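**Q** Which chain is which? The protein sequence lines are V and B, in order.
The first sequence runs 1 to 587 under the numbering used here.
The second sequence runs 1 to 562 under the numbering used here.
Do not rely on the hints blindly, as some may be mistaken.
[Stated by the list, open to error] Listed next, the in silico SDA-like pairs over lysine to any residue satisfying Cα-Cα at most 20 angstroms (straight line):
id : chain 1 : residue 1 : chain 2 : residue 2
1  : V       : K198      : V       : E422
2  : V       : K484      : V       : S557
3  : V       : K74       : V       : A169
4  : V       : K350      : V       : E422
5  : V       : K288      : B       : P234
6  : V       : K288      : B       : T237
7  : V       : K316      : B       : P255
8  : V       : K413      : V       : L187
9  : V       : K316      : B       : D64
10 : B       : K385      : B       : R268
11 : B       : K218      : B       : D64
12 : V       : K316      : B       : V306
13 : V       : K288      : V       : E96
14 : B       : K218      : B       : D189
15 : V       : K288      : B       : D189
16 : V       : K288      : B       : M235
17 : V       : K198      : V       : L423
18 : V       : K316      : V       : A289
19 : V       : K288      : B       : D64
20 : V       : K74       : V       : A51
21 : V       : K316      : B       : P303
22 : V       : K316      : B       : P310
23 : V       : K413      : V       : A169
24 : V       : K316      : B       : M235
25 : V       : K288      : B       : K385
26 : V       : K316      : B       : Q301
27 : V       : K350      : B       : P310
28 : V       : K288      : B       : P255
29 : V       : K316      : B       : P314
FYI, nobody ran anything at the bench for these hints, they're computed from the structure.
Model, not experiment: these values are computed from the prediction.
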Amino acid sequence: MKKTIRNVLCATAACIAIGASATTSHAQMFAQPDRDPRVNLRFDRYYDYAAMTDALQQLQRAYPRLLTLQSIGKSVEGKDIWLVIINNPQTGAHTEKAAFWADANIHGNEIQGTETNLYLIWFLMENYDALPRVREIVDSRAFYIVPSMNPDARDNFLHTGGASRSGMADWDSNLDGRPSNDPPRDLDGDGEIRQMRKHVPGQGTHVLSPIDPRLMVVAPAGTKGDYIPLGTEGLDSDGDGRRGNDPRGGYDMNRDFPSDWQPPHIQGGANRYPFSWPETRAVGEWLKAHPNIAGAQSWHNSGGMILRGPGSQHYKGTGDYTNRDSRTYDYLGERGELMLPYYRYMTVWKDLYTVYGGTLDWAHDALGVVTFTNELWSNNQMYSEAWTGNGPVPNEMRQLFFNDQLGMGAWFKDWEPFDHPELGEIEIGGFSNRWFGRTTPPFMLQELAHRNAMFALFHADEMPLLEWGDVTVERVAGNTWRVKAEIRNSRAIPTRIEAAELYGTGLPDYFSISGNGARVQAGGFTTGELNNQIRMQERNPQRIEVTSGVPGHAGVSVTWIVTGSGNVELEYTSQKGGTHRRTVPLR
Amino acid sequence: MQRSRLRRGILLAGALALGLPQGGHAQAGPYDRYLNHSDLTQAARGLVQRHGNIAQISSIARTDAGRDMWLLTLGRRQGADVNTRPALLIVGNVEGNHLIGSSAALYAAEHLLTRYGSDAAVTALLDERTVYVIPRANPDGAELAFTLTAYETPYKPFAGNAAQGGLNIRELGRDLNGDGLVTLMRVRDPEGTMIADSADARVLRAADRARAERGMWKVMVEGIDPDNTDTYVPMGTDGVNLNRNFPHEYLYFQPHVGPHIASEVETRALLDFVHDRHNIAAVLTFSAYDNLRSPPPAQRQVPQGVTGNPPNVPTNILPADRPFFEYVSSRFQDITGLRGEGAENEAGSFVQFAYYQMGLPSFTTPVWTLPTPAANAQARTAPAKDGRWLSYLDSLGVDGFVDWTPAQHPTLGTVEVGGFRPNARVNPPAHMIRELAEKHADFALWLGHQLPQVEIVETNIEARGENVWLVTATIANEQYLPTQLSMGQRIRFNRPISVRLLPAQNMTVITGDPQQQIPRLEGMGGRSTFTWLVQAPAGTSVNMEVFAERAGGLMSVPLTLR
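Excised from the complex, chain V in its bound form:
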């Protein structure tokens, strides 16, 4: 006799009735695109720290039930590092749900990740009532979003034109014992740091380009040119004979994470030891304290990439994640390419460059989190297909064409004379080093933010989501029963990736049975459905250790032999899959 008990209970987190708002008076982005949203943010502009803070506070005031804004630490200059928690408390505490992490702007000059994260937050809030898919995701998941990990350099970029990748702590780039005393300077006061050159007819190394006189090319072999390029706008403020060679910062916070970490003579940009900056430490502490995080995204720029680890070919002596974990990444990355035109799914060291101590590897190895880094924005997006790739047209000329025809001259400044205190009569001009190249032109920003935010939501939606499969009770003899229970994961990401299992990080899942009048005789994984085979767990058979978790799009089945009567309680506990209970009568 075999009875199947219907799957009536579901995850504790997702089962409570959801109080969908009855009032839909405010506007909905997609449902009512002819109206203003409740929080009227623009995504054809960039937000400095104050504007970003203001936008986040507006969102918090508008959506106090679903959105919590908190500071997780202070930057070098003392700015708050904001973290947004998106969670519906009516469906459970955020710590009990699989959570998605998204950070951005760890590199000061990679700014549009902040707008992407702002958009992600805003989109989820503005469409919660109108789009059932949004509501479903918000109700069953939690989101931890850091719009900017590096607010100091963000403002340095937006306010001074300094295009630094680093944080803004003092740093002795020229090793003269006096940190940060020779920054680049906006000499002509146009708000941008551009290029300098000197006109020296017949004495230089470069000539004007025959294609466009605004450009220079190297003088033909054996001839002298008319210009000497003098590098970035600046002075020799510290008297060491070099201009602008000791700015604030000069390090790389994405080399500050404790997996495959290497010191700066091996990995440029690293600091003394991992988590040595207040910004990375704050993020690291939060991540360590939230083992429910199952998916993560770090927005960077540029190049149009969906990057996964590992960062180094020497990683674990193999240079790759395990086959099982790679398949999970492939599933997500390959679908991401379909959502993100111009983006390619890649492995950091194979397709970009070697990175020791990056966020990706630490989140994967030490936290068991499936993590991507998207390199937002590809220059190929600027041109029609006819001009992409390695065509016959020089890149700089294509850039000027874009500047002239689509930017109406916004980003390139023609060379103008300047009286330099050290170099005499020179010229200053060229592309803006911040608005052109890495940074998405404003008119293309919203699409970039939307597509990438939707990739993040796809990734978040593929975090493990558990539900009960078949649960059966069958009499073996007298009062002894065979209880077979299955728990299923309807999503692609397993509750425990193989790296976590291999390196022993985090807790395994546990599948337990208990009951007042029940004695567990044996228990283990069901290995043969038809002939009732079990792989027995010798010790503590009432609590089966599921070290591999529940795989993606699959289930885990456990069989117990139990003597007793009445009810037994089944419980499946998973750090990234939540806790699920149900009661089963022995009959």
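Put chain B on the given structure of chain V with help from the hints.
**A** Using the frame of chain V, we list chain B on its own:
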């Protein structure tokens, strides 16, 4: 709950072997016994009070349990800032139970302070150099040696696991036979692989089946759950060996290394201290490892578990640096008369960090260890290391071993409990502290005199006519150590020696960068000369600066062009 069970079992037997403070020894001086945190604090403060003109005390960090990590700064207060003079850093007690390390470090400080003014070598050292002493790098771990005397544990409690006292107690075992100590237990078992050694029946060794030996004993840590299978312990949540928490050759995802590199406040304090004090020119650590009693091997076996390093991460002391280590080791042996063998596999240690990631001459010795074996030690018939320890302890009259005695185990039945007393092979009996510490203090004094010191030995101004001048300056290092080892030249944080002509009114530098840099100045009379051609009116005053962070700091000379 597990904690209280442990505490009940504590007896004084362990305390006797260790020389821990007890009633009869209450009056003993700081080198006749081992010092807990409060005694060490008192001793260090007293020392500084008695020598206020040449000693300062400060705390470089507070541990998770709120204990201060003390720093003693030795050096005459007058003259150059102590934090710019070439400095020797002495660190002790990185492993929690390595108490002899803290005694030796504190003693070295006292040895120097009490001889200042009477001993010319000591006086010269503290007038011109700085000695930093961090006697106890691991106060929380050290305290366990006084409160959990039943155990031998080098770990500090892991902060994230306060409920279990920060330690994986199950793994550490439990006292079964009521002697107040957790040693080993052996059980007769057909699956056993160990047999008694013929040389000393107390010692167990692996049976060699190829030589027709049949295993007899299974050996486990004394405890209830010897296989440690009852509860899953996530990696990085058990007690931390601080000396595995440093960044070079960090053993990712191994037990007792901490959740990640520099996860511990003590580790960060030491790392930051060495980074912040650019004047540190050599490091002497009293720890389990050794490169002084015997020089470092030419070819190390890289420990298992070191993965992920690219080929440009060295695994051995660089060939160009090796002679310095060999010479210093030979001087150590001459001065102390000590030879022996420290622990192997220094992966993730402070000592390694200081050399491989700061490029500093980094020396270490355990203060006390097994003396060098007899010449036939390599022969197959040589006694096992455990056997040699037993004979050595016997020769010292130390009761370092609990003889195998029957005991009842709840699931295994009758077992035999025995083995080395906790820490018997880590810390010498208390009466040996002073003599050992004195030898090491003598070595520290010698080492302090080897630190590099850059001096401006000559400046010259030659008139070339037309208000053009050739300015020449020569610097030299007369000391033994160079201003950087080869490894030091690779390190991003080490600044080269900079020589610069400061800008002056009406002066133009015609040739030569105003600032010129060299990566290193050799010791033993190494010198380097710098030249500039400048144009300026006669009588112009100009300053020349030399900056050598580990060999004297910033020096300045005024020059007049005439």
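**Q** Verify the proposed pairing of K288/V with E96/V, using a straight-line Cα cut of 20 angstroms.
**A** OK: K288/V and E96/V at ~15 angstroms, within 20 angstroms.
**Q** Checking one constraint from the list: CA of K316/V to CA of Q301/B, max 20 angstroms. Satisfied?
**A** 18 angstroms, holds
**Q** Is the Cα-Cα distance between K484/V and S557/V 20 angstroms or less?
**A** 7 angstroms, holds
**Q** Please work out if K316/V and D64/B have their alpha carbons no farther apart than 20 angstroms.
**A** Violated - the C-alpha atoms of D64/B and K316/V are around 32 angstroms apart, more than 20 angstroms.
**Q** Measure nothing beyond the straight line between the CA atoms of K288/V and D189/B; if it is 20 angstroms or shorter, mark the hint as holding.
**A** Given pair K288/V, D189/B is violated - Cα atoms ~43 angstroms apart, limit 20 angstroms.
**Q** Please work out if K316/V and A289/V have their alpha carbons no farther apart than 20 angstroms.
**A** 25 angstroms, violated
**Q** Below or equal to 20 angstroms on CA atoms is what counts here, so check K198/V against L423/V.
**A** Holds. K198/V to L423/V sits at ~8 angstroms (cutoff 20 angstroms).
**Q** Compare the distance between the alpha carbons of K316/V and V306/B with 20 angstroms, and conclude whether the hinted pair is satisfied.
**A** This hinted pair holds, its Cα atoms lying about 9 angstroms apart.
**Q** Within a Cα-Cα threshold of 20 angstroms, do K316/V and P310/B meet the stated pairing?
**A** The given pair, whose Cα atoms are some 11 angstroms apart, holds under the 20 angstroms limit.
**Q** Take the C-alpha atoms of K288/V and P255/B, compute the straight-line distance between them, and say whether it is at most 20 angstroms.
**A** The hint holds at about 18 angstroms.
**Q** Need the status of pair K288/V, T237/B: alpha-carbon distance at most 20 angstroms?
**A** Distance of about 12 angstroms is within 20 angstroms: holds.
**Q** Hey, K74/V versus A51/V, does the alpha-carbon distance stay inside 20 angstroms?
**A** 17 angstroms, holds
Hint compliance for this structure: hints 4, 9, 10, 11, 15, 18, 23 and 25 are broken, all remaining hints hold.
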